[in-house]
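Visitor: Line by line, the protein sequences give chains E and C. 6 is the number of the first residue of the first sequence in my numbering; add one for each residue after it. 6 is the number of the first residue of the second sequence in my numbering; add one for each residue after it.
Don't take each hint at face value.
Pairs count within a copy or across copies, as identical chains cannot be separated in the list.
Dumping the calculated PhoX-like pairs for lysine-lysine here, alpha-carbon to alpha-carbon at most 25 Å [to be verified]: (1) Lys280 - Lys47; (2) Lys25 - Lys201; (3) Lys229 - Lys284; (4) Lys77 - Lys229; (5) Lys326 - Lys129.
It is worth saying that the hints were derived from the structure and are not from the lab. Given the structure is predicted, the values throughout are model-derived calculations rather than measurements.
Next come the chains, spelled out residue by residue.
Protein chains: 2
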Amino acid sequence: MSWESNVRKVIPYTPGEQPKSEDVIKLNTNECPYPPAPGVEKAILEFKSDSLRLYPDPNISSLVHCLADYYKVNQDQVFVGVGSDDVLAMAFLTYFNSDKPILFPDITYSFYDVWTELFKIPYKQQPLDENFRINKEDYLIENGGIVIANPNAPTGQSESVEMLEEIIKANPEVVVIVDEAYVDFGGVSCLSLIDKYENLLIVQTFSKSRSMAGMRIGFAMGSKKLIQYLQDAKYSFNSYTMNRPSIEFGVEAVTDDKYFKATIQKVVNTRERVKKELKELGFSFPDSKTNFIFATHNKYSAKDIFDALREKNIFVRYFNKPRINNYLRISIGTDKEMDTLLAFLREFLR
Amino acid sequence: MSWESNVRKVIPYTPGEQPKSEDVIKLNTNECPYPPAPGVEKAILEFKSDSLRLYPDPNISSLVHCLADYYKVNQDQVFVGVGSDDVLAMAFLTYFNSDKPILFPDITYSFYDVWTELFKIPYKQQPLDENFRINKEDYLIENGGIVIANPNAPTGQSESVEMLEEIIKANPEVVVIVDEAYVDFGGVSCLSLIDKYENLLIVQTFSKSRSMAGMRIGFAMGSKKLIQYLQDAKYSFNSYTMNRPSIEFGVEAVTDDKYFKATIQKVVNTRERVKKELKELGFSFPDSKTNFIFATHNKYSAKDIFDALREKNIFVRYFNKPRINNYLRISIGTDKEMDTLLAFLREFLR
Numbered sequence: 006m007s008w009e010s011n012v013r014k015v016i017p018y019t020p021g022e023q024p025k026s027e028d029v030i031k032l033n034t035n036e037c038p039y040p041p042a043p044g045v046e047k048a049i050l051e052f053k054s055d056s057l058r059l060y061p062d063p064n065i066s067s068l069v070h071c072l073a074d075y076y077k078v079n080q081d082q083v084f085v086g087v088g089s090d091d092v093l094a095m096a097f098l099t100y101f102n103s104d105k106p107i108l109f110p111d112i113t114y115s116f117y118d119v120w121t122e123l124f125k126i127p128y129k130q131q132p133l134d135e136n137f138r139i140n141k142e143d144y145l146i147e148n149g150g151i152v153i154a155n156p157n158a159p160t161g162q163s164e165s166v167e168m169l170e171e172i173i174k175a176n177p178e179v180v181v182i183v184d185e186a187y188v189d190f191g192g193v194s195c196l197s198l199i200d201k202y203e204n205l206l207i208v209q210t211f212s213k214s215r216s217m218a219g220m221r222i223g224f225a226m227g228s229k230k231l232i233q234y235l236q237d238a239k240y241s242f243n244s245y246t247m248n249r250p251s252i253e254f255g256v257e258a259v260t261d262d263k264y265f266k267a268t269i270q271k272v273v274n275t276r277e278r279v280k281k282e283l284k285e286l287g288f289s290f291p292d293s294k295t296n297f298i299f300a301t302h303n304k305y306s307a308k309d310i311f312d313a314l315r316e317k318n319i320f321v322r323y324f325n326k327p328r329i330n331n332y333l334r335i336s337i338g339t340d341k342e343m344d345t346l347l348a349f350l351r352e353f354l355r
Numbered sequence: 006m007s008w009e010s011n012v013r014k015v016i017p018y019t020p021g022e023q024p025k026s027e028d029v030i031k032l033n034t035n036e037c038p039y040p041p042a043p044g045v046e047k048a049i050l051e052f053k054s055d056s057l058r059l060y061p062d063p064n065i066s067s068l069v070h071c072l073a074d075y076y077k078v079n080q081d082q083v084f085v086g087v088g089s090d091d092v093l094a095m096a097f098l099t100y101f102n103s104d105k106p107i108l109f110p111d112i113t114y115s116f117y118d119v120w121t122e123l124f125k126i127p128y129k130q131q132p133l134d135e136n137f138r139i140n141k142e143d144y145l146i147e148n149g150g151i152v153i154a155n156p157n158a159p160t161g162q163s164e165s166v167e168m169l170e171e172i173i174k175a176n177p178e179v180v181v182i183v184d185e186a187y188v189d190f191g192g193v194s195c196l197s198l199i200d201k202y203e204n205l206l207i208v209q210t211f212s213k214s215r216s217m218a219g220m221r222i223g224f225a226m227g228s229k230k231l232i233q234y235l236q237d238a239k240y241s242f243n244s245y246t247m248n249r250p251s252i253e254f255g256v257e258a259v260t261d262d263k264y265f266k267a268t269i270q271k272v273v274n275t276r277e278r279v280k281k282e283l284k285e286l287g288f289s290f291p292d293s294k295t296n297f298i299f300a301t302h303n304k305y306s307a308k309d310i311f312d313a314l315r316e317k318n319i320f321v322r323y324f325n326k327p328r329i330n331n332y333l334r335i336s337i338g339t340d341k342e343m344d345t346l347l348a349f350l351r352e353f354l355r
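With the rest of the complex left out, here is chain E:
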């Protein structure tokens, strides 16, 4: 027997490419095209190198405090992690320990099935309908937990809070996670339901609407009891997940609400304009409430368009997977970036 026989073997998640060249128009990982709040720059300049010799606050109090204030919840209802991936990974590990399968859509964030494989969680993928909508009934069966991205990725499709509440209400025996990574761009949050349903976890991130993908900050909100279990697991994995810069810079990103809202508005304006132009070019797509558009063309194959864009150093995301292999996920960049994209498409699709 070799040491390899007891090793956990997994097929990891493949993140979108992170090109090192500056010449790229990067519309492939749903980053925000605008910088973080100006306070972040100030916090960097004021950051004391000497402070790094000391461990950070394991309770991440200042950031938790400021998120609790912003979202009008109690501090013991907030959990912070190294991006929403870290929060979700920890949530899967903590909450999904049933022999029954957890449920999530067949087309959704492609990390969900990776976590289930890593933690050996049984799961069942429920097919979205032909418009990429959820069939509510699919989530009213026996299960070990539920995770729904709303708005969904990569489709951009939003479901109503009412429908999600019906699902949550029907599943008091399991934890229901609503992954709201993209909610700030026009979706409706289920946050208002956390005081009503003890088993509901809302997960959000600083990576998109708060322009801090490079800082790795995600957070969850839920009942005190639900959050306590998550904290216990986190403290059993790594007591100090958030480094000092994350905590200090993160606070600045939350406190400047005016900048936050203005940034979102800019992205939304660009998105709505691009929707019109893409339609005129023969694309169709679910009505995105996110910072990306998931589009298919009535004549050209997504793969061909993807390859052609790629040659022009315009990166978008293509998933070679059943049902969505004729779609492109196009992040919303600056107006200028989108104009370059549209100009190329006009040329290419003519």
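Chain E is fixed; fit chain C onto it per the hints.
Guide: Leaving out everything else, chain C in the frame of chain E:
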């Protein structure tokens, strides 16, 4: 049935207290009393806030490259994580999937049994002898993996590379982890063995000798195959664990070797002086090769000394655990801090 029945319930690790007051002499979490390399300060000033909008490099290439250079290993032999706790947690999850118990000493880093509980890994704690030394034979039995901290914490005791090699050699069927968090202060690393034993993982950290506990950087070195499994698990958990500041500031901490060595020398000099003075005061301790001393007094109880120090705002670490509940773990601070500690002890123990 309630949603709570399928929740993973754990008793988390308790980190040393992180007091917020500035008046404290903090000798309780083995931080370095000196600031990080001057290059880190420069990197902070040069850090571009705008870069935070983009995801970091998931491969952490620049930091991996610079660690590989420094330790004269290949880049595919290096793994980087959010502190050595993150690296160790991921290693436990990846490598320890046997039905047989993993082995580690009864007195050692108290996170080991927390990870085994979290991941439901069977384990057996092998008692150290009365001098806190390892009995080699304890690790020559059937097992599912081995983890040994060398130098050990909280004892400060070092074992020889020769003895560890005998253990590694006798265990080709499992992964052996040598946790070298404190090795830079005078221990001898097993790093030279990684090309000889494919199943040996060396774990180190930036938190102690590199003065960056607040930055959360740890790393592992091992065979290409061993590291690949760890990478796969990491990419299945969180693709982007290291944020942009970690990567950029971390590189600076590695490249300034002169500063690194000078800092270690200062800590070692202070430690050796404090050893003499503690002996004169009636303390005894294993001959520490770390940045802390694990001391017991011939008359006064450790708990009483701990409480008295605490009242004077001098924080050291006390573990209320069998066999070590009459010991204090005292981190090596600046000479001035140690003088304050010693002055108080002279008074208190008289």
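Visitor: Does each hint fit the structure? Answer for all of them.
Guide: Now the hints, each set against the structure:
1. Proximity of Lys280 and Lys47 under a CA criterion of 25 Å is satisfied in neither setting, with 36 Å inside one chain copy and 44 Å between copies.
2. Taking the shortest Cα distances, Lys25 and Lys201 never come within 25 Å of each other, neither inside one copy (46 Å) nor across copies (35 Å).
3. Taking CA atoms no more than 25 Å apart as the test, Lys229 paired with Lys284 passes in neither setting, with 46 Å inside one copy and 49 Å between copies.
4. Only within a single protomer do Lys77 and Lys229 lie at most 25 Å apart by alpha-carbon distance; the minimum there is 14 Å, versus 48 Å between protomers.
5. In this homomeric assembly, Lys326 and Lys129 come within 25 Å of each other (Cα to Cα) only inside a single copy, at 17 Å, whereas the closest approach across copies is 45 Å.
Hints 1, 2, 3 from the earlier list are contradicted by this structure; the remaining hints agree with it.
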